[in-house]
Amino acid sequence: MANLLVTGGAGFIGSNFVHHVVDHTDDHVTVLDALTYAGNLDSLRGLSEDRMTFVKGDITDAGLVDELFSQADAVVHYAAESHNDNSLHDPRPFLDTNIVGTYTLLEAARRHDLRFHHISTDEVYGDLELDDPERFTEQTPYNPSSPYSSTKAGSDLLVRAWVRSFGVRATISNCSNNYGPYQHVEKFIPRQITNVLRGVRPKLYGGGQNVRDWIHADDHSSAVLTILDKGEIGETYLIGADGEKNNKDVVELILELMGEPRDSYDHVTDRAGHDLRYAIDSTKLRTELDWHPSYEDFEAGLKATIQWYRDNESWWAPAKDGVEAFYASKGQ
Numbered sequence: 001m002a003n004l005l006v007t008g009g010a011g012f013i014g015s016n017f018v019h020h021v022v023d024h025t026d027d028h029v030t031v032l033d034a035l036t037y038a039g040n041l042d043s044l045r046g047l048s049e050d051r052m053t054f055v056k057g058d059i060t061d062a063g064l065v066d067e068l069f070s071q072a073d074a075v076v077h078y079a080a081e082s083h084n085d086n087s088l089h090d091p092r093p094f095l096d097t098n099i100v101g102t103y104t105l106l107e108a109a110r111r112h113d114l115r116f117h118h119i120s121t122d123e124v125y126g127d128l129e130l131d132d133p134e135r136f137t138e139q140t141p142y143n144p145s146s147p148y149s150s151t152k153a154g155s156d157l158l159v160r161a162w163v164r165s166f167g168v169r170a171t172i173s174n175c176s177n178n179y180g181p182y183q184h185v186e187k188f189i190p191r192q193i194t195n196v197l198r199g200v201r202p203k204l205y206g207g208g209q210n211v212r213d214w215i216h217a218d219d220h221s222s223a224v225l226t227i228l229d230k231g232e233i234g235e236t237y238l239i240g241a242d243g244e245k246n247n248k249d250v251v252e253l254i255l256e257l258m259g260e261p262r263d264s265y266d267h268v269t270d271r272a273g274h275d276l277r278y279a280i281d282s283t284k285l286r287t288e289l290d291w292h293p294s295y296e297d298f299e300a301g302l303k304a305t306i307q308w309y310r311d312n313e314s315w316w317a318p319a320k321d322g323v324e325a326f327y328a329s330k331g332q
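In terms of UniProt numbering, the sequence shown opens at residue 1 and continues consecutively.
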């Protein structure tokens with residue numbers, strides 16, 4: 001049994017990864033999470049103490065990080081400030097967590113010679129035109145458009161520099177938009193699902209033509225485990241499930257799957273700097289590491305996600321009213 005340290009393991013994607021590791025390996029997981037607004041201990045509920053240990057703390061705390069790295073066999077770094085709207089309102093926490101935090105972890109990985117995997121996003125590449133036939137690849141130049149994506153791009157570059165300059169045994173993955181259990185209700189898909197469950201019309205930014213490349217969090221988790229096991233040190237792998245959908249189609253599919261008319265939603269003011277389209281080419285991951293998603297049909301993954309939110313209102317309800325009040329104040 002290995003001891004896997006997971007930063008941000010109480011957040012959406014991180015908690016899904018922790019559950020995936022417990023379900024598919026014999027490893028023990030230590031979760032380091034500061035429990036900011038997106039962290040939720042209830043996302044780890046049901047995991048036994050002999051398989052998971054939780055530590056509340058910040059990745060910028062060098063002393064705590066060093067202590068936890070001394071007890072770990074490998075590290076997967078999910079912890080990040082990741083909400084575009086919040087980064088436009090107050091960029092500073094994104095610099096602290098995404099840049100300084102990643103630096104702190106890399107220095108610990110350097111001291112302890114630990115295998116380190118860094119989780120990043122396709123948003124570092126900017127966006128594509130709606131009619132562009134191309135997709136992002138590992139060779140696509142970085143072109144971030146928000147404080148969030150620019151700090152994630154910076155953290156990626158730090159990892160690459162620590163590999164080259166200091167021999168840190170690290171890999172990077174850039175993933176497309178995740179959906180699935182334990183996602184905060186401020187995010188696009190769970191916000192629409194929980195609105196319908198409460199009898200409220202979903203909200204759609206602008207005309208809803210912005211395209212995202214969706215992947216179920218279980219598939220992201222399996223890809224990360226594959227990279228941790230088989231990935232070549234210093235390499236970057238793009239994770240995607242060929243799930244391109246525009247926001248309008250996603251909202252209408254949610255309504256249809258939940259038994260509502262497809263046009264039962266409202267248009268709201270688009271957000272500033274809203275990227276047009278993301279699209280991932282995961283050929284390298286599939287061909288070199290033999291990884292494939294289990295949810296190749298977006299509709300099937302969305303059905304499972306809707307059912308999870310139906311069954312787990314006690315998890316999402318406490319945050320719902322505050323989220324909707326915030327968006328209402330912004331006309332969204």
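Among the clues, some could well be false.
[What the hints assert, rightly or not] Below 16 Å or equal to it, Euclidean Cα-Cα: the simulated EDC-like pairs (lysine to aspartate or glutamate) are:
id	residue 1	residue 2
1	K187	E260
2	K203	E324
3	K245	D275
4	K320	E129
5	K245	D66
6	K245	E296
7	K303	E256
8	K230	E288
9	K248	D263
10	K245	E288
11	K56	D73
12	K330	D270
13	K203	D281
14	K284	E235
15	K248	E260
16	K245	E129
17	K245	E186
18	K303	D270
19	K248	E232
20	K187	E324
21	K203	E186
22	K303	D275
23	K230	D297
[Stated by the list, open to error] Label-pair restraints from in silico Cβ distances:
id	residue 1	residue 2	range
24	S329	A2	27 to 35 Å
25	R198	Q71	38 to 46 Å
26	T53	T137	13 to 21 Å
Quick caveat, the hints were computed from the structure, so don't treat them as lab data. Glycine included, each C-beta is placed from N, C-alpha and C at the ideal position.
Next pair to validate is K330 with D270; report whether the Cα-Cα distance is within 16 Å. holds, 10 Å
Regarding the pair K248 and D263, is the alpha-carbon distance no greater than 16 Å? holds, 10 Å
K303 paired with D275 [C-alpha distance capped at 16 Å]: At roughly 26 Å apart (the allowed maximum being 16 Å), D275 and K303 break the hint.
Please work out if K203 and D281 have their alpha carbons no farther apart than 16 Å. violated, 29 Å
Hey, K303 versus D270, does the alpha-carbon distance stay inside 16 Å? violated, 27 Å
Given hint E232 paired with K248 - CA-CA distance at most 16 Å: Violated: K248 and E232 sit about 38 Å apart, past 16 Å.
Between K245 and E186, is the straight-line Cα distance small enough, at 16 Å or below? violated, 19 Å
Check whether the Cα positions of K187 and E324 lie no farther apart than 16 Å. holds, 11 Å
K320 and E129: Cα distance at most 16 Å? violated, 33 Å
For the pair supplied as a hint, K284 and E235, is the alpha-carbon distance within the 16 Å limit? holds, 10 Å
In this structure, is the beta-carbon distance linking R198 and Q71 contained in 38 to 46 Å? holds, 43 Å
Regarding the pair K230 and D297, is the alpha-carbon distance no greater than 16 Å? violated, 26 Å
Hint compliance for this structure: hints 1, 4, 5, 10, 11, 13, 17, 18, 19, 22, 23, 24, 26 are not met, and every other hint is.
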